[in-house]
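Based on these hints, arrange chains B, C, D, E and F on the given structure of chain A.
Protein chains: 6
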Amino acid sequence: MRPSGRKTDQMRAVSFERGFSKHAEGSCLVKFGDTHVLCTASLEERVPPWLRNAGRGWVTAEYGMLPRATGDRMRREASAGKQGGRTQEIQRLIGRSLRAVVDLEALGERQITVDCDVLQADGGTRTAAITGAWVALRDCLGWMEARQMVKADKVLKDHVAAISCGIFAGQSVIDLDYLEDSAAETDANFVMTGAGGIVEIQGTAEGEPFSQEQFLTLLSLAGTGIGELVEMQKKVLSDTSAA
Amino acid sequence: MRPSGRKTDQMRAVSFERGFSKHAEGSCLVKFGDTHVLCTASLEERVPPWLRNAGRGWVTAEYGMLPRATGDRMRREASAGKQGGRTQEIQRLIGRSLRAVVDLEALGERQITVDCDVLQADGGTRTAAITGAWVALRDCLGWMEARQMVKADKVLKDHVAAISCGIFAGQSVIDLDYLEDSAAETDANFVMTGAGGIVEIQGTAEGEPFSQEQFLTLLSLAGTGIGELVEMQKKVLSDTSAA
Amino acid sequence: MRPSGRKTDQMRAVSFERGFSKHAEGSCLVKFGDTHVLCTASLEERVPPWLRNAGRGWVTAEYGMLPRATGDRMRREASAGKQGGRTQEIQRLIGRSLRAVVDLEALGERQITVDCDVLQADGGTRTAAITGAWVALRDCLGWMEARQMVKADKVLKDHVAAISCGIFAGQSVIDLDYLEDSAAETDANFVMTGAGGIVEIQGTAEGEPFSQEQFLTLLSLAGTGIGELVEMQKKVLSDTSAA
Amino acid sequence: MRPSGRKTDQMRAVSFERGFSKHAEGSCLVKFGDTHVLCTASLEERVPPWLRNAGRGWVTAEYGMLPRATGDRMRREASAGKQGGRTQEIQRLIGRSLRAVVDLEALGERQITVDCDVLQADGGTRTAAITGAWVALRDCLGWMEARQMVKADKVLKDHVAAISCGIFAGQSVIDLDYLEDSAAETDANFVMTGAGGIVEIQGTAEGEPFSQEQFLTLLSLAGTGIGELVEMQKKVLSDTSAA
Amino acid sequence: MRPSGRKTDQMRAVSFERGFSKHAEGSCLVKFGDTHVLCTASLEERVPPWLRNAGRGWVTAEYGMLPRATGDRMRREASAGKQGGRTQEIQRLIGRSLRAVVDLEALGERQITVDCDVLQADGGTRTAAITGAWVALRDCLGWMEARQMVKADKVLKDHVAAISCGIFAGQSVIDLDYLEDSAAETDANFVMTGAGGIVEIQGTAEGEPFSQEQFLTLLSLAGTGIGELVEMQKKVLSDTSAA
Amino acid sequence: MRPSGRKTDQMRAVSFERGFSKHAEGSCLVKFGDTHVLCTASLEERVPPWLRNAGRGWVTAEYGMLPRATGDRMRREASAGKQGGRTQEIQRLIGRSLRAVVDLEALGERQITVDCDVLQADGGTRTAAITGAWVALRDCLGWMEARQMVKADKVLKDHVAAISCGIFAGQSVIDLDYLEDSAAETDANFVMTGAGGIVEIQGTAEGEPFSQEQFLTLLSLAGTGIGELVEMQKKVLSDTSAA
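Protein chains in written order, with full-length UniProt numbering: chain A, 1 to 243; chain B, 1 to 243; chain C, 1 to 243; chain D, 1 to 243; chain E, 1 to 243; chain F, 1 to 243.
Chain A on its own, in the form it takes in the complex:
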């Protein structure tokens, strides 16, 4: 029995609020239950130094949590003077996940930075961030298309979405919330495309090592869940008045 009463293959309520931010070229407040992440995509007409004159652009991500997004207040990273290892790990993952479906040549010599800031955390912030970041990125490209800068669908080759699965109380479950996450025996994050290709897999045994069979069950749960997330992304984007 899951603490939330959900079935093992049941994700939390997921929603996307496009155009949350007035200034950003694309933005989306994504919610996976009580996990709320604000994703903004910012376009800049410059590339990192190591990409100059290379004929292609760059997509990168930064991740942060508000100090009281969590149950106990955490120290503000700006005040601590550096981003922690967890933060850096997550923002590198988000960036890689987005780039897996972007044609950087088609983007041209520009950079899009997707900021994912957790307003409230209840487990699964990185997977919510990836799923919402894709929507913000898509709206940024739509903004650019409206200005004849790119063809959005040429730059963004496919959807990308992510979900966590894990073994909790002996059962394979999808979309762990904080209570489950902190007690899970195994915790895995999956990033996949709309076509079902795998972009990233990260699985960790928190307690006992897990078997190949267990891992395949998690992978199967994730495949179904990500399919549903991609459908939701499609649906929210079909509302042409929203961004």
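Be aware that one or more of the hints could be misleading.
As the list makes no split between identical chains, a pair holds if one copy fits it or if it spans any two.
[As the list claims (entries may be wrong)] Calculated lysine-lysine pairs in the DSSO-like style (CA-CA distance at most 30 Å, straight line):
1) Lys22 with Lys7
2) Lys235 with Lys22
3) Lys235 with Lys82
4) Lys82 with Lys157
5) Lys22 with Lys82
6) Lys7 with Lys31
7) Lys151 with Lys82
If you are wondering where the hints come from, they were derived from the structure by calculation, not from laboratory data.
Coordinates of chains B, C, D, E and F only, in the frame set by chain A:
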């Protein structure tokens, strides 16, 4: 004529959304027009080292802006490795403003940290932050009162709210938005209590120096505006179901 | 009764020692009683990156205290690895105050940095710094005029000076020393020009909020005091052998 | 055809040099071909603050590369003033991998830090580091057992080793060297125990997304390779004169 | 011929101004020609963590230069976020030199920090700093003796002073100023006690290596010069009204 | 009697392992007994900003210790966020020592960075580092000569090597190991050329000040020892197959 079409003594639409954050003991999303600041009050059963065994508590504030809260994306302070001078100046102001109406002995040996994070900026973030931070702090004290820890009204002696005034296109106006702020000749921030006492005054000539008469006009505008803000704080707090 | 025995409207003995530093284009050791600040103005033939090719220059300030300028030794900021919030607040104030009377176009594409280093502190370091920094800046411009680089009086449009006033033991007093400053109910800093225009006002209630009437009394005290400081600046500059 | 001429399931020559460091309680220079990592295990009779009086110990890891371990010299992280995101990601992975096979209660209130410093890099530094770190940790526990502090086999419940696999030029291969790594379409790291349980899986599509079938092939290759590595660990530990 | 017209064995005019700082337990503004260093000795009733309960105290030094102490303005170290290598090297040298003549047991469990801040630089700042720091330290111990805390002469066993010598334009000269220092072939700093014992020797060939004979000439020059400096220290301390 | 049983003028066993690193243009693992330092020389076709278009190159050094190179584990400097004072002092010394025998014009507009990383420490790491760094630098220049970039012997004008001497238990001894170093009364480091010229002298009284006679004894010991080190450098370089 103001860019927004407002009258010289007309503030933007102001709203408070209490209980925005699930985890914080008190929280409030305050909006002054397109300026949106999330304020969370976090209670900790400890005091700073220099206050140990002094028989009183501490109230402090931290301030931050999401990188794309602004028209152009700003560098994330956590990534830059330090908080800028402007950030430090503002968070010190918020902390002093709140402490002006707090009885630290009545609080007991505890610390309340109010985080003010700007989700979207359109001028006046520091004054919105102070005004919203007071609501979050009040709800935190209410949470404590419900647990017999303190009497909220003994700890919090009065309201505190803040507004900016300035001279724009030769006219004294209240509650400058970004367009006005960046073109104003003089810019001043006022922090006052519910009883009308002055807690902080900060006035800066951006262009020509200003006269005593001009300053008194701004002070008068501010007094009226802050009176309205205090009424709004009272009204939103009277909704006992909200926090 | 003030601890120093001064009258309420009596400033401490003020002196300026021009040419204190052999290397700087302009320098001045300013003393407000036991508060001693060394101000040096350094000319550089370059501007900050964001001003390149903008056809105008920049004037900025930095502030520091020697570790044992104060009653108890403070940690050296260079060793702590960052400038504290107070330091940043003060150096931003000094820079703004100077720029209020500088014609940056007339300066040309150059930067003048005024370093204000507190050798000994006894209250009022920021106001002494502003008052002395103006003298160092004026001498730097005189140095430039002697080399046909600028007309000093075209670049520097007016005097600027500053003083603190506050409510101490129920009375409005000018130029608070450390004993008064640490016990004052209200503390305000005023920056004004030679023509009497206001450049900056910063007033803070340390204890009880203050009233508009109280504030006007402080403003009036400050106006008289700053007038005297400007006369002293004029007098010290009339000694053409000094710099 | 692999650049090194190896078969698809052929690892590089692997060796362990125990007791490389005179001072450390356990140490091992591990080589996977031209990738050389010095692992030292340091025992300290203290635990991190958050573990005090919790009745158990801690095992952690740090990772670093000498500046010229790589083809081009990289900036020294100590000089840059912080550890990069990649470094933090890797050292967190090594620590988790070791803790997966350690009984922290049996260790007692002590901390063992395993430093993994790359003397020379040619791909696969993190997997070599994990594999060698286990040997250094085992020898540290042997050192403790010789002093009647613990039973080494009670603290260390199983072997742990790691290998990378990837899709290079369309083929699934094991133990990628730098040339393969930088051209691979998919790159995955696997950490497993002596009993064959999975501790960590990290798979990344560098180019096209990969399929579940492809991933299973990599997992199978890894299982065989890690089995061999565990046998080598056993063999090198059977030389009782070495540490 | 030396740029200053001095003879090869002629030091610059040296002066000590005791009691320069109102707050410090001991202070001295030392001048070697145009090199001016403010030395303050601060007493604290605590020791560094690694000395706790060891029954003895500590004497340490910090060194800094005001940004415009030099011909060109240097970046402020507090703003750069760290002390440079040269700064650290010098402050370590000053601390070691002072400790060479201090009986740390006789000091008791206290720390004295001597801050040496260069107000104006013209070569030889480290040797001037050591020579002046000794005077500040002596006055601090006198302050303590007046309060029956220690016997100053039991804590401070001997004088210590320092001078630079070098080979300039083929000649061995003492007390190099900036012009000489930047052109010297060899530059050496000597720290000696009142009894003539050597505490520190640092010699560097800036151009051609130097011979043992050349080095002995420098050492001999230094011995005579330091003897004179010690006499000056004695003379300035004999003025019992000064500190 | 020395703890190691060595005679007073007997150095530890010294060895050089050239070509230790596959990637560096020159490299050498130097051992002075149990002190082991890996030196790598890295060539870059760029110079520091302040040398641009000056028609000459630069040679610099960086120094580091692995955390467990020492008896107790030290904190990793990359994790601490800065290089300590000792590290900076040593790397500046190594750089100066190498440059004393390099013709920077003959090098051309290039930079060679020699990294000296201590794998194991037992006293004398800086002198071992200098002695080994020279070998790595020579091999780097040989690599360049093989590519017709420079004439190695025109760039490198002489050998340079270093040794420590000190007064231990009342006797002057050469090449102190850790046990001697931590108990020595006086500790001095000498850097000399193949021709016997002195490049650097650093002598420190750890306890009692030392006399000129004592210092000359140390200098004489050092001269003999460095002569032997230079012979060893010549011998190891004569093996043309090694680098």
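Going through the hints against the structure:
1. Proximity of Lys22 and Lys7 under a CA criterion of 30 Å is satisfied inter-copy only: 24 Å between copies versus 38 Å inside one chain copy.
2. Taking CA atoms no more than 30 Å apart as the test, Lys235 paired with Lys22 passes in both settings, with 22 Å inside one copy and 28 Å between copies.
3. Proximity of Lys235 and Lys82 under a CA criterion of 30 Å is satisfied in neither setting, with 38 Å inside one chain copy and 41 Å between copies.
4. Taking the closest pair of Cα atoms, Lys82 and Lys157 never come within 30 Å of each other, the shortest separation being 34 Å inside a single copy and 36 Å across copies.
5. Taking the shortest Cα distances, Lys22 and Lys82 sit within 30 Å of each other both inside one copy (28 Å) and across copies (27 Å).
6. In this assembly of identical chains, the alpha carbons of Lys7 and Lys31 lie at most 30 Å apart only when taken from the same copy (19 Å versus 39 Å across copies).
7. With identical chains, the CA atoms of Lys151 and Lys82 are never at most 30 Å apart, being 37 Å at best within one copy and 38 Å at best between copies.
Hint violations for this structure: numbers 3, 4, 7, all remaining hints satisfied.
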